[in-house]
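Enquirer: Each chain sits in its own coordinate frame; assemble them with the hints.
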Amino acid sequence: MTILEAENLGISFGGLRAVDGVSFAVAAGEVFSIIGPNGAGKTTLFNLVTGIYRAGRNGRIRIAGEDVTSLGPHLLVRRGMARTFQNLQIFFRMTALENVMVGCHLSEKTSFLADLFGWPTVARQNRATRERALALMERLGLAQYARAEAGSLPYGVLKRLEIARALATEPKVLLLDEPAAGCNAVETEVLDRLIADIAKSGVAVVLIEHDMKLVMKISDRVLVLTHGRRLAEGAPAVVRNDAGVISAYLGDAGATEANRAHG
Amino acid sequence: MLAAVVTSRLATLLFLALVIAVVPVLAPSSFYLRVASLVWIFALAALGLTILMGYAGQVSLGHAGFLGIGAYAVAVGPARLGLDPLLSFFLGAALCGLVAYAVGKPILRLKGYYLAIATLGFGLIVALVLHSEAAVTGGPDGIQVARITLFGWRISGATTWYWVTAGALMIGAALALNIAASPSGRTLRALHDSEVAATGVGVDVAARKLAAFVVSAVYAGVAGGLLALMNGFITPETASFMHSIELVAMVIIGGTGSVLGAVVGSAFLTVLPQALTILQEYEQAVLGLLIMVFMIFLPAGIVSSLKRFVLDRAP
Ligand SMILES: Nc1ncnc2c1ncn2[C@@H]1O[C@H](COP(=O)(O)OP(=O)(O)O)[C@@H](O)[C@H]1O
Ligand SMILES: [Mg+2]
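Protein sequence lines, in the order shown, are assigned to chains A and B.
Residues in the first sequence are numbered consecutively from 1, following the working numbering.
Residues in the second sequence are numbered consecutively from 1001, following the working numbering.
Isolated chain B, as found in the complex (with noise of 0.2 Å):
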């Protein structure tokens, strides 16, 4: 019983669901609706990275690459092609879709690590274009962001970007909840274990993790996008090496292929930096011990570990 819920779509989406409502009774100030919806947004594209990293087994070092022309399309859309503010947005999520196609094509038919270093170089370029090219995205200090208005209605504000970003993760992890259990997660699973086997019993490898890269990098640019267009501004750090290291900590952190494992490690990576602000220059070297106990003690992630932990003691 206990096993089954553990384990179950339905109770993973309730649960976050009844986390998403409760936040803002319990949120004591707008400050704190706008960290929770942050936290949502890197949920989500930490949630691409879930299904890359954890079903498919493939690491991308260059996600922030995507997040970056998620957010900038919607910046630079409107502001310098008259496009549409909600086009934009998702026109930059196919282009993100796109471009991992061209980068994952010829990089996912060779095995080994080609894709992480491949992606690595991919997000470097990205930040450096973003840096460079200032006539379109306005270089190093960022390019303004257009209101998004839908029906007329303007959105604006941090309790309505809270239901947008809140609305979003849902959807994404529902679709990512979708995925493990069908039969294309299941072969996503499969090469994980073993890609000798997968491809003996007719799997396409190399179009498997193609299909699981370009899923990832379309999820990263809605949450690009999303974040662009909530904190009305964007600058090329968004596309930071640092920040795709980061993106691919919230998943080892949260539990890899764990759908709330992503939930919990943007949490724990975008809420303690703020909490530790108050320990001023210690800040970073308190982040990083706290990681590191969290890896030394719960090994497979915190979500994962603690559903092991119900799991192995479940009748």
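Chain A on its own, in the form it takes in the complex (with noise of 0.2 Å):
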């Protein structure tokens, strides 16, 4: 089933075309890669699919079918979409624990009022999202560092962990800005091993990522943008052997040079 359909967005920063009539779309269980050169428009094209800017007049973006181009981002979310930042966005000051309960605020039902009175449903929602958050982190292998503050925590164990609070939101779909980036060998082992498991619950993962090796054994799908257009999409094999993917990574005379390999 289709979770996640974005057709022909596009934005202009001054004169400069970042993202030029972008159209994919996501099955649930499918992990759909969106690679390409720095400055290629990746992240503008999550920030236009996240509704962070509006996708132009003949943008369309649906979340399982609704036509959901008109919400902003925080509506977006309750609509089940979930990301994570290329610039870690973590709340620093708050434990890693924390940052993950507040990830799960949209299933929290007390008011406001409730709160400020310190009614006694808040003591046992609290208790809830507690739980609820500890059993992500659990899942995520990050139960070790609940209570540290995230502020003092290592840049790889604050890549997952954003992934454990946008996974708190309970998203049918999930973007993930570049979430190797930075990491040790180790780590990317075990973050590829949590995509391909978050893909086999059901969640439409879209995936922006330079390490060609995890993008080329855990994608169904690949997209390659250059200068905001698309420049070819398909099947990871394909995208691989593809003229114009290689001149557009290695320069024309790699093109040349990959063609004589491929004879």
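Just so you know, these hints were derived from the structure itself, not from any lab.
Please note that the accuracy of each hint is not assured.
[Claimed, not checked] When the alpha-carbon atoms are kept at most 30 Å apart in a straight line, the in silico DSS-like pairs for lysine-lysine are as follows:
#1 Lys200(A) - Lys172(A)
#2 Lys109(A) - Lys1111(B)
#3 Lys200(A) - Lys217(A)
#4 Lys109(A) - Lys1105(B)
#5 Lys172(A) - Lys109(A)
#6 Lys172(A) - Lys213(A)
[To be verified] Only some residues are given here: those of chain B computed to face chain A with a beta carbon under 10 Å:
#7 Ala1174
#8 Asn1178
#9 Ala1181
#10 Pro1183
#11 Arg1186
#12 Arg1189
#13 Ser1194
#14 Val1196
#15 Thr1199
#16 Gly1200
#17 Ala1211
#18 Ala1212
#19 Gly1257
Every residue gets a Cβ at the ideal spot worked out from N, C-alpha and C, and that includes glycine.
Expert: Structure representation (structure tokens):
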């Protein structure tokens, strides 16, 4: 079943057409990767999809068939869209556990007034949220960091903490912006299994990643962007051998080389 | 163990209750009780700002305006409208919430320092109105506040007001601590750290900031009402810009985000000026110097710095 449909998204910054008429669709349980050189417009595309930027006049975004083009970012989360950020966006002065608990807040039922007056439901809600968050951290191998202040944790852990926090919103579609950047080989390995695991649970995963080994291994389909436009799309093996893709990555000389190699 | 005590809600409330209980025993005269009552009242206003600044990370430079609204409500309500003083007190607090909603609603959608600027303007307008609408407010000379009676019992005298203001502070502290440990409090602290990430997990950032602003305004309104009822007289000075800055300074000196910090900050800026009057013309200079010294050596504020000191050494 198609979960996320993005149609004809585009945006300009000044004279620069950062994303230009890009469309794609992702199904439940699928890992859909977006690759391309730095500055290709990948993060900007995420910002369009998640409502941070307005998709142009002809742009359309649907979640599970429902048109959500006009919704702001926090409302899209309610519809089942969650994301992580290329530049860490962590609640640094809260504990790792509290970070994930904030991710659970859409399922929390107490009102601001109940919270203010310390209604008995609040303590119950806190317990339920804490348990749910802990279970998620356990699943992502983060349980040992639960009580630590997030600001004191290493980069690789925070990258996974962002994923845990995003999963806490119980998304239908999860957008990951370079989750393996800055991670060592072991952490990347863990991430690899984690992403596959998330997809297997029925979530549509959209992945921006520079680690080609990771991308080629776990993606069902790959979209290649350059200069804001779609260059190629297809199964990893197809995209890997696409002459246009190779030249975009390696330059024209590289393409000639590759052609000769494929002979 | 020590760490658990330092960060516990109950410990904070017990400590505050202990201080409140001990002050009357040590106070040599009713003058000291009056000063202590002022400390509790301004601590209450500072607590509201703690929720806004310390939890949600938003600055208001016009909170004395809400202090003024709360104060003039208990003066003007009975004198001009014939309302019951107690009813006027609650209406004043409610009015503060409504005004904060109206001021904050359009402003808090915008990112950045707009709230600081908007509240600055708001505070100046309140002070101006209190000054110039003399027919209602009594103008620059101020206005008499009717004494309040509860079930036929006249609330007056330093001791009585000491316990009334202390009780109000305890309630305010308990509510502020409730919020901190609740789902709403988590979202406030979250958006303080990263609005992008808070939005990214579905927090309605604008609505949350607005709720914090409204609550903080009601705190200031209650404090203003108590101030007017206790003093029996009120002037537009209550709503002055300097007073707004003083409230912000209390929060920062005590330790932004700390409930005890708001009380310590209030004590600092209420007691010290009284103590420094013996220095006569040097009073302001020495007060300014002391603030600078404290901020240099305890940059996170008095209570927050001490807490950090204890936690860093706790096993
Ligand atoms: N807010 C912005 N204002 C101006 N230019 C931007 C903005 N965001 C991105 N860009 C530009 O758009 C292009 C695409 O950026 P980005 O989406 O971050 O690339 P990628 O994630 O593929 O590396 C870059 O040239 C970048 O400089
Ligand atoms: Mg990017």
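Enquirer: Hint by hint, say whether it matches the structure.
Expert: Here's how the hints hold up against the structure:
1. Lys200(A) - Lys172(A): Holds: Lys200(A) and Lys172(A) sit about 12 Å apart, inside 30 Å.
2. Lys109(A) - Lys1111(B): holds (27 Å)
3. Lys200(A) - Lys217(A): holds (15 Å)
4. Lys109(A) - Lys1105(B): holds (23 Å)
5. Lys172(A) - Lys109(A): Roughly 21 Å between the alpha carbons, so the hint for Lys172(A) and Lys109(A) holds.
6. Lys172(A) - Lys213(A): At roughly 26 Å apart (the allowed maximum being 30 Å), Lys213(A) and Lys172(A) satisfy the hint.
7. Ala1174: Since chain A brings a Cβ to about 7 Å from Ala1174(B), closer than 10 Å, the hint holds.
8. Asn1178: At 4 Å from the nearest chain A Cβ, Asn1178(B) passes the 10 Å test, so the hint holds.
9. Ala1181: holds (7 Å)
10. Pro1183: Where the cut-off is 10 Å and the nearest Cβ of chain A is about 4 Å from Pro1183(B), the hint holds.
11. Arg1186: Since the shortest Cβ distance to chain A is 5 Å, the answer is holds.
12. Arg1189: holds (6 Å)
13. Ser1194: Hint holds; Ser1194(B) Cβ to chain A Cβ min 5 Å, cut 10 Å.
14. Val1196: Holds. Min distance 5 Å.
15. Thr1199: holds (5 Å)
16. Gly1200: holds (6 Å)
17. Ala1211: Nearest chain A Cβ about 5 Å off; hint holds.
18. Ala1212: holds (9 Å)
19. Gly1257: holds (9 Å)
Checked against the numbered hints listed earlier, the structure breaks none of them; every hint is satisfied.
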